[in-house]
Structures are given as C-alpha cells and as structure tokens.
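Asker: Spelled out from the first residue to the last, the chains are:
Number of protein chains: 2
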Amino acid sequence: MPKRDNISMSVIRRLPRYYRFLSELKDNGVVRISSRELSDKMGFTASQIRQDLNCFGGFGQQGYGYIVEQLYNEIGNILGLSNRFNAILIGAGNLGRAVSTHMSFESRGFTLTAIFDSNESLIGKKIRDITIQNIDNLEAVCKDRTPDMAILCIPRDSVAALADRLYHLGIKNYWNFSHYDLAIRYPDVIVENVHLSDSLMTLCYRMSNKSEDIREI
Amino acid sequence: MPKRDNISMSVIRRLPRYYRFLSELKDNGVVRISSRELSDKMGFTASQIRQDLNCFGGFGQQGYGYIVEQLYNEIGNILGLSNRFNAILIGAGNLGRAVSTHMSFESRGFTLTAIFDSNESLIGKKIRDITIQNIDNLEAVCKDRTPDMAILCIPRDSVAALADRLYHLGIKNYWNFSHYDLAIRYPDVIVENVHLSDSLMTLCYRMSNKSEDIREI
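For the record, the sequence lines run as chains A and B.
Taking full-length UniProt numbering, the leading residue of the first sequence gets 1, the next gets one more, and so forth.
Taking full-length UniProt numbering, the leading residue of the second sequence gets 1, the next gets one more, and so forth.
Chain A extracted, bound-state conformation:
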C-alpha cells in the first residue's frame, strides 16, 4: 500500500507516541504485537491504530500483528529521525537550559550546534559542551552554514525583532516556546509551538468541567 496524500496533523502527532511505545516494547524484548495488544498499552482503539498506520502504507499482516523492531524503524524513518537537522537555540534562561540539557536531540532528528543569549552573565558559560554566545554573533555564526531550525526560548516581546533576523538569515523552521505567532507573520515557515500556558488552561477547563463528556478527537 503506498503512503497516502493529505495526511492529517492529528495522525502525524500520534506517530511520536507510537514510536515511544514501540521503543519501550523493543527494550523489553517484545518481538511481535497485535494491534489489539498495542491498543491496550496505548489507550487508542485497535481500529485507530490500523487506520493511522495505513496512512503510511500499513505494516502489519492480518492475524499476525506487527514486528516491533521493524515497525519502530519504519516509524523512525517516516518521522525522518536520522536527518540530524542543524538546530540553534536562542535564550539560555531556565527554559532554554532545561530544553538544551534534557532533550535527546540526536535521536529526535536534530543536532544542537549553537546557543545564543543577550544576557552578559550567561555568555561564555557552557551547556552540553556548547558555549553560550552573544546574540550579536548570530549573523556571523549563520553565515557559513544556515541552521535548519531555531529553538525560541525567549520572551514574547523579544521575538518580533529577532524573528526578522532569523527569517532573513534563511531559517524557515522553528520550535517555538514563546507566545509569538510566527506563522501569521511568515506564512511560509514551519512552526511547532509549545504553548505551556495553553496546556495549563486546557487542564483547568477539564478540571472545571469534569462531568462533561469530551470527545478525544
């Protein structure tokens, strides 16, 4: 079965979850799993799992299930995790430090190559063997090799001016922790937003409306 066109964001957002669960199964020595067993583990229905995976060509065999390691590798390929996209991080405060310290960039498709901040007390310090540079060096550093992606861990107010600089340096992909809506200003960029306060407000809604029947999709 060939990969489908026009796959929905909801399906794509579930792929990393499959990948995580399969990684765990693999580490636990599980060789083969049915969509029903996978559904019990993941909290999706078996039919949802089959539908999702069929978008990318389908991998299981009727009545036989999925080979864990094979499916894990296939989903990794679909996600493009071997790409090693060159990423830079802007903002080495608490959040930037947490992101740069804890993320396994290499196994998620990226290599973190530079960290920038404007705070004099942080410049020169190291995170993961990467020296925090003055943001004034941005253009010089990006001249030889345009980064594929920029991680924005700076306050909303600082993003507008900086986004113009990054965009004109040719950076078209962003992992955005600020509340600045890049995609509205630059419709041709790819932005993955992490809006922590939206997530917190969603939790507040769910806690405030407990009795409500919420559809998952």
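FYI, nobody ran anything at the bench for these hints, they're computed from the structure.
Certain hints may be false.
When chains are identical, the list treats them as one kind, so a pair holds in a single copy or across two.
[What the hints assert, rightly or not] No farther apart than 20 angstroms at their CA atoms in a straight line, the calculated lysine to any residue pairs in the SDA-like style are these:
{"id": "1", "residue 1": "K41", "residue 2": "A160"}
{"id": "2", "residue 1": "K125", "residue 2": "N94"}
{"id": "3", "residue 1": "K26", "residue 2": "S104"}
{"id": "4", "residue 1": "K41", "residue 2": "V189"}
{"id": "5", "residue 1": "K126", "residue 2": "N94"}
{"id": "6", "residue 1": "K143", "residue 2": "D164"}
{"id": "7", "residue 1": "K210", "residue 2": "N77"}
{"id": "8", "residue 1": "K3", "residue 2": "M207"}
{"id": "9", "residue 1": "K126", "residue 2": "G93"}
{"id": "10", "residue 1": "K125", "residue 2": "G93"}
{"id": "11", "residue 1": "K210", "residue 2": "G80"}
{"id": "12", "residue 1": "K125", "residue 2": "R20"}
{"id": "13", "residue 1": "K210", "residue 2": "A183"}
Once you've looked at the hints, dock chain B against the given chain A.
Answerer: For chain B alone, coordinates are given in the frame of chain A:
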C-alpha cells in the same frame, strides 16, 4: 443558545488561543472585532471561529461581531480560570524551575502551593518564595489539604512509584512533563501531557516532508 454536550478536545484546545488573542486585543484597546478580522489575526477561518464559539453558546451578533472584553471574560469563565486550583510541583530541576518561575499560575486557574524534590542540594532553596521541600514530606503536607493537581517534572523512571503515592493521597489531576503514561495506569485521572520530545519529532516529520499537503485537523 445553550452550551453543547460532547465538545471535542480540538475545540477545547483552541480556547486558550482565543483567550490569548483576545487578551492582546483588549490590551491594545480594541473594543469590537468581527469573526473575519479575528480569523485574519489568528490564522483560523471565520467559519471555524463561529463554529467553535457556538459550542459554548455563541457570543457574537450577526453583522456586529464580538465585544472583545466581553468575549475575553466569557472564555475565561468557560476555561474556569478563576478557580485557583491548589497545585504542587514535583521536581525542581531545570524544567521544574523553568515551569515554576515562568508560569502565571494565578491567571491560568491555579495557585502553586508547594515544591518537592529528593535532591538534598535543592531542598531548602526557594523558588518564588516557595521553599523546596523534601519529597519525604509529601504525605504530611498533603494531609491537611489535598492538592487539586500535581505537576510532574521528574524523569520517567521516577514517576511510577511516585504516581502511586500521589494517587492514594487523592490527587486526580496532573500536568505531566514526564513520559510516563498516567492515564493508562489510572483511567479515572485527568492528565494534560506535555511531551516535548513528541513535539520535536513532529517538527522533524514536517521538515522531512515539506512538500506534503498536511491537513490541519
């Protein structure tokens, strides 16, 4: 129009975004806005906006638009942001510190009342006037007043044992930054997950499949 039953998670997840945009419009002195203008600002279609808001009763008038401050307040009420749910945070490492320092809990429906860690070098230090306590004190602190929600900023491996303690203390709502799937172990809890590595992998997919036509919903 009454509020609908069976509202989808996708609609609920868009509410905080409306709230943010309306907050900004209000701060900029905008009094009234049409769904078309709002759609230009937010990158949703005008019809999507009308449909979303109709789930909660509908607030605009045909041909007149929305009163910004009124809609802002109504959405805040729908989200339950005045609740001041009592929240505790577990894990005062870089991520926990970033979350506890930067989040406006009070304006997002929560009050952060206690921070716990097991790392001796952190215990006794303060974040936002809250003293980091030894995780051994958890039961004692929660005895008098059960927290409404726990924020988990600890590694996946530490969560399983801790989740049992929290659950048996009566905590049924979680803002979960770990990769441990609480909702599978405890189907009756409300969990809002922040899976940063899933977000990074989704970005990797989108960068690896640029030419692809992805449906937003």
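Asker: One pair to classify: K41 and A160, alpha carbons no more than 20 angstroms apart. Within, between, both, or neither?
Answerer: For K41 and A160, only the inter-copy Cα distance (15 angstroms) is at most 20 angstroms; the intra-copy one is 43 angstroms.
Asker: Treating 20 angstroms as the Cα threshold, decide for K3 and M207: within, between, both or neither.
Answerer: Answer is between: at 17 angstroms across copies they meet the 20 angstroms cutoff, but 39 angstroms inside does not.
Asker: Between K126 and N94, at a C-alpha cutoff of 20 angstroms, which is it: within one copy, between copies, both, or neither?
Answerer: both (14 angstroms within a copy, 15 angstroms between copies)
Asker: Pop the pair K125 and N94 into one bin, within, between, both or neither, using alpha-carbon distances up to 20 angstroms.
Answerer: Cα proximity of K125 and N94: in one copy and across copies (14 angstroms, 16 angstroms).
Asker: With identical chains treated as interchangeable, where does the CA-CA distance between K125 and G93 reach 20 angstroms or less: within a copy, between copies, both, or neither?
Answerer: Answer is both; intra-copy 12 angstroms and inter-copy 18 angstroms each pass.
Asker: First find the shortest C-alpha distance between K126 and G93 inside one copy, then the shortest across copies, and answer within, between, both or neither for a cut-off of 20 angstroms.
Answerer: both (12 angstroms within a copy, 17 angstroms between copies)
Asker: Up to 20 angstroms between alpha-carbons, please classify K26 paired with S104: within, between, both or neither.
Answerer: within (18 angstroms within a copy, 40 angstroms between copies)
Asker: Indicate which option fits the pair K210, N77 if close means a Cα-Cα distance not exceeding 20 angstroms: within, between, both or neither.
Answerer: between (39 angstroms within a copy, 15 angstroms between copies)
Asker: Can you give me the call for K210 and G80, within, between, both or neither, at a CA distance of at most 20 angstroms?
Answerer: This pair counts as between: shortest inter-copy Cα distance 11 angstroms, intra-copy 38 angstroms.
Asker: Have a look at K143 and D164 and pick one of within, between, both or neither, based on CA distance no larger than 20 angstroms.
Answerer: For K143 and D164, only the intra-copy Cα distance (16 angstroms) is at most 20 angstroms; the inter-copy one is 52 angstroms.
Asker: Is it within a copy, between copies, both, or neither that the alpha carbon of K41 lies no farther than 20 angstroms from that of V189?
Answerer: Intra 36 angstroms, inter 16 angstroms, cutoff 20 angstroms: inter-copy only.
Asker: My question is about K125 and R20: at a cut-off of 20 angstroms on alpha-carbon distance, are they close within one copy, between copies, both, or neither?
Answerer: Neither, since 33 angstroms and 35 angstroms both go past 20 angstroms.
In summary, the structure is inconsistent with hint 12 from the numbered list given earlier, while agreeing with all the others.
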